[in-house]
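One line per chain: the protein sequences are A and B, in this order. Just so you know, our numbering puts 68 at position 68 of the first sequence, and the rest follows in order with no gaps. Just so you know, our numbering puts 146 at position 146 of the second sequence, and the rest follows in order with no gaps.
Derived from the structure by calculation, the hints contain no laboratory data. Wrong hints could be hidden among the right ones.
[Said to hold, decoys possible] Over the 10 Å line for every Cβ pair with chain A, so calculated as not near, a few chain B residues: (1) Gly18; (2) Tyr136; (3) Ser155; (4) Val186; (5) Asp220; (6) Asp288.
[Said to hold, decoys possible] For lysine-lysine, the following DSSO-like pairs were computed, each having C-alpha atoms within a straight-line distance of at most 30 Å: (7) B:Lys106 <-> A:Lys31; (8) A:Lys31 <-> A:Lys104; (9) A:Lys198 <-> A:Lys219; (10) B:Lys106 <-> B:Lys228; (11) A:Lys196 <-> A:Lys219; (12) B:Lys228 <-> B:Lys53; (13) A:Lys16 <-> A:Lys198; (14) B:Lys242 <-> A:Lys30; (15) B:Lys228 <-> B:Lys242; (16) B:Lys84 <-> B:Lys59; (17) B:Lys289 <-> A:Lys255; (18) B:Lys172 <-> A:Lys273; (19) A:Lys32 <-> B:Lys140; (20) A:Lys16 <-> A:Lys30; (21) A:Lys72 <-> B:Lys172.
[As the list claims (entries may be wrong)] Covered, in the sense of this in silico footprint (three residues per stretch, anywhere, with C-beta under 8 Å from a C-beta of chain A), are these stretches of chain B: (22) 19-31; (23) 114-128; (24) 253-264; (25) 298-310.
Note that CB positions come from ideal geometry on N, CA and C, so glycine has one too.
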Amino acid sequence: MTDLSRTIENTHKPVKGRSLWTDGIRRLRKKKLVMICFWIIMFYVFIAGYVQIAEWTGSNWPANWDESTGQKYESPNSQNIFGTDIFGYSILRKVLYSTKISLKVAFFASILSIVIGVPMGAAAGYFGGFIDEVVVWIYSTLSSIPYILLILAFALVLKDKTIFGCKLAGATTVYLAIGLTSWVGICRLIRGEIIKRKESEYILAARAMGCSGGRIIFKHLLPNTFHIVIISFSLRFMSFIHAEVILSFLGLGEKNKPSWGAMIDSARLDLPKGYWWEMAAATMAIFFISLALNIFGDALRDCLDPKLKTD
Amino acid sequence: MLSYIIRRSLYIVPIIFGVMLVTFLLFNIVRGDITDQIAGKAASAETRAEIRKEFGLDKPLFFNDEYSPFTTAFWDSQFFNHLKSAITFDFGYSYNDRELIWDKIKRGAGPSLALTVPMLIGTIVISISLSLVAAYFRGKWFDYAIVLLSITGMSLPFLSFILFGQYFLAFKWGLFPVYFWPDLSVWQYTALPALIGIAAGIGGNLRFYRTVMLDELGNDYVRTAYAKGLSPQRVLFKHVLKNAMIPIVTQIILAIPFLFLGSLLLERFFGIPGLGYLMIGAIGSRDDKIINAMVYISAILFVIFNLITDICYAMVDPRVKFD
Chain A
1 MTDLSRTIEN THKPVKGRSL WTDGIRRLRK KKLVMICFWI IMFYVFIAGY
51 VQIAEWTGSN WPANWDESTG QKYESPNSQN IFGTDIFGYS ILRKVLYSTK
101 ISLKVAFFAS ILSIVIGVPM GAAAGYFGGF IDEVVVWIYS TLSSIPYILL
151 ILAFALVLKD KTIFGCKLAG ATTVYLAIGL TSWVGICRLI RGEIIKRKES
201 EYILAARAMG CSGGRIIFKH LLPNTFHIVI ISFSLRFMSF IHAEVILSFL
251 GLGEKNKPSW GAMIDSARLD LPKGYWWEMA AATMAIFFIS LALNIFGDAL
301 RDCLDPKLKT D
Chain B
1 MLSYIIRRSL YIVPIIFGVM LVTFLLFNIV RGDITDQIAG KAASAETRAE
51 IRKEFGLDKP LFFNDEYSPF TTAFWDSQFF NHLKSAITFD FGYSYNDREL
101 IWDKIKRGAG PSLALTVPML IGTIVISISL SLVAAYFRGK WFDYAIVLLS
151 ITGMSLPFLS FILFGQYFLA FKWGLFPVYF WPDLSVWQYT ALPALIGIAA
201 GIGGNLRFYR TVMLDELGND YVRTAYAKGL SPQRVLFKHV LKNAMIPIVT
251 QIILAIPFLF LGSLLLERFF GIPGLGYLMI GAIGSRDDKI INAMVYISAI
301 LFVIFNLITD ICYAMVDPRV KFD
């Protein structure tokens, strides 16, 4: 009896519901390891932002990576904690500067793939019919070409091209090549999710109110599938960083500025001579952010949408 | 069933046509005139015209309007020659050394397969056995160690595996030859690259197979098997492994087309004269025709093996619907 009365009493209080996001973030914050990974990612983002601002404001450190700070091939010491390379440049500065280039490439590639993939997936899923068939045909075609070969072909063709009066060079080519080839995954995910959701009642209600197709997609369906974009973003970011490394290494990327791939490329010839520090620094820089993104992305998926198949 | 197979096979036609379109778009339209790169910047106008003529780059892109559509000359354009060369698998000559591209590919396939086949087998055997053990000890420290190992393996860049592996195992400790040499036997020069490839590939595969095993363990038939009183080993190796075979076999069949691609980076570092090495060389010298041929061939292989998996699915798994 007392239980019942308490229940009745409770119903009078307004119960504040938790949205998918607050609930997910609440659960994420309970996991220590995940939070550590989150702060590692933030640390990298901070470095990239700091270097960019330092470059804009003309401030010296660490944008002045091309300034010798010691003899050539100094092993790690108190002056240069990661040592120096063949020109006496500080490896630490190069790593910090590379962080900017690599994160920028991965970020723009992600944005590009979202901008292409999400509307196409949404349109295909919502309208069905001919549009759906065309979109499915395009992404089946692209996904039947091995990923690395496709990126290589795009990067090779786009390199040193002039499009709309802008000359594509260095990092721009890399993120165009990655972005134009890797929207397939997100497009497929969004299409599947929209097909699942477009039969639900709130869409029926919106349609009964006379909403247009575009309004239903952008105002109702996409906000409800946005967590998929975020999960895929955090999981794909790592593969974009690794793709940038390989492209820069193959000479299709940034030439005159250091990036992690370019650092590995220049360290390749130093390694047999026993100068391991540049290689080690670049490897560690890639390793920590990949590890953090991996763990954080998985945890994010587990919290927001555990059934999502992202592989 | 038969109608399903026919329908499914016909579906590859638009995909292959799409691949042809993509390669045409990339290499003929976006790329534009590349005679500069073939002939060098100092070449005279006549040399360039000759080269253009040699590779058919002087022809119109789609249709030759000067002729009527009922003559063959009307169809003698870059686009239709591209389609023709793709359908007949005649990719012509390389820009740089005027060798038949098909000959180059045939020559490179052997060394590439000698590297990638042991790599695939090693990766699969090791990661499936480790994933079974991890599933057996799920939630215990061994499982956590496996997860940690796989995430670490996935996070390290592939280039670091190669460079440090080559430096320590071959150069410093002299366990393997550092570089390809024609006198070496196949086993000698592919041993180290294959080992490095296995080490780098285990991370992702191990994680995939572990997820597959754990997904299977959540099914009802596992509970039934335990309820019958079967030992955990028997459940795992007899029942779970058998049911997990579908994703495993899919994964393996879909990995086969990539075997023919070779490994770009491993072949580059160890000087193995395979298809990966061929492609790296083509990127360096901007030899589009080789890249074009490789994109096309690998896409065809992928589509065909995809078809094979789907048909196998339909034959093996009675739950697949034919519509």
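Problem set entry | Violations among the numbered hints | 1, 3, 6, 7, 10, 12, 14, 23
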